[in-house]
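Enquirer: Sequence:
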Amino acid sequence: MLLSFYYFICIKFLGGVELKCVQFDYDAAQQLFLATGPGTIAMDNSRVSEPNEEVGRFSLRRPCWAIVENFGTLKYFLEENRIVADAGSQEILINYIPIVDGQYGQHTVATASHVEVFLYQTADGQSELSTLIASGGITYEDDDNEFVGSELFYDHNEFIMKVKGDKFQPCYFNGALVDGIEYNVRTAEGTVEIIAPGALQGKE
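Note that my numbering has the sequence shown beginning at 456, numbered continuously upward.
Treat the hints as calculated values from the structure; they're not laboratory data. C-beta: ideal position from N, C-alpha, C; glycine also. Do not rely on the hints blindly, as some may be mistaken.
Stated by the list, open to error - Once the Cα atoms are required to be at most 27 Å apart in a straight line, the calculated DSSO-like pairs of lysine-lysine come out as:
1) 530 / 617
2) 475 / 530
3) 619 / 530
Claimed, not checked - Across the chosen pairs, the derived CB separations fall in these ranges:
4) 559 / 485: 37 to 45 Å
5) 487 / 608: 20 to 28 Å
6) 582 / 483: 18 to 26 Å
7) 625 / 503: 36 to 44 Å
8) 536 / 480: 12 to 20 Å
9) 621 / 480: 30 to 38 Å
10) 580 / 532: 35 to 43 Å
Take these sequences, add in the hints, and give me the full structure.
Expert: In structure tokens, the structure reads:
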């Protein structure tokens with residue numbers, strides 16, 4: 456069975472998730488939700504309690520806002536708990552804003568042409584980030600660093616972000632041309648290892 460909704464729509468889901476798009480389809484046979492944009496999906500976790508255990512800088516379980524804007528299409532595969540977003544006329548814009556002591560924390564912004572996110576369900580029934588892959592030319596910026604490359608991979612369980620470049624989109628770390636970047640996001644500042652000729656030192 457295929458259900459379709461047309462025209463500009465706004466759908467609010469459980470868990471503080473709001474979707475705005477032009478068309479929304481659900482394919483029961485494939486267990487697939489498809490949103491056609493231009494569209495925006497936002498998760499408002501600003502009022503949840505701070506977890507007792509360490510959950511990581513980009514956790515969806517801590518008080519935060521997570522927003523994906525400018526997608527052309529966004530697919531959610533229910534059985535795999537996987538989201539795939541592709542850009543439309545503009546690059547996809549990803550915003551993550553933690554809420555710390557009732558105030559906005561460090562704002563992180565990334566852009567890409569293609570984004571793939573794997574989620575998992577925690578023991579208490581919450582959705583949490585597992586991995587994120589952004590490709591098609593990416594940028595990443597927080598208060599301390601700026602990365603540019605062709606592809607970004609983030610493993611939330613390992614707290615590791617990797618960025619690489621190619622001949623079409625070389626890799627840059629804070630304006631310096633490099634072969635690749637490995638960034639540990641366990642702490643607010645994190646550490647950076649740059650894999651490049653010249654043995655550039657990582658930032659502590």
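Enquirer: With reference to the structure, classify each hint as holding or not holding.
Expert: Status of each hint after checking the structure:
1. Taking the CA atoms of residue 530 and residue 617, the gap is near 24 Å; set against the 27 Å cutoff, the hint holds.
2. Proposed proximity of residue 475 and residue 530 is supported: the alpha carbons are some 13 Å apart, at most 27 Å.
3. Distance hint between residue 619 and residue 530 is fulfilled; the C-alpha atoms sit about 25 Å from each other, no more than 27 Å.
4. Separated by about 38 Å at the C-beta atoms, residue 559 and residue 485 satisfy the suggested range of 37 to 45 Å.
5. For the hinted restraint 20 to 28 Å between residue 487 and residue 608, the CB-CB distance of approximately 24 Å keeps it satisfied.
6. Distance hint check: the CB atoms of residue 582 and residue 483 are about 21 Å apart, consistent with the given range 18 to 26 Å.
7. Checking the proposed 36 to 44 Å range against residue 625 and residue 503 shows it holds: the Cβ atoms sit about 39 Å from each other.
8. A beta carbon spacing of about 19 Å between residue 536 and residue 480 agrees with the range 12 to 20 Å that was offered as a hint.
9. As the Cβ distance of residue 621 to residue 480 is approximately 34 Å, the hint placing it in 30 to 38 Å holds.
10. Between residue 580 and residue 532 the CB atoms are about 19 Å apart, so this pair departs from the stated range of 35 to 43 Å.
The structure shown violates just one earlier hint, number 10.
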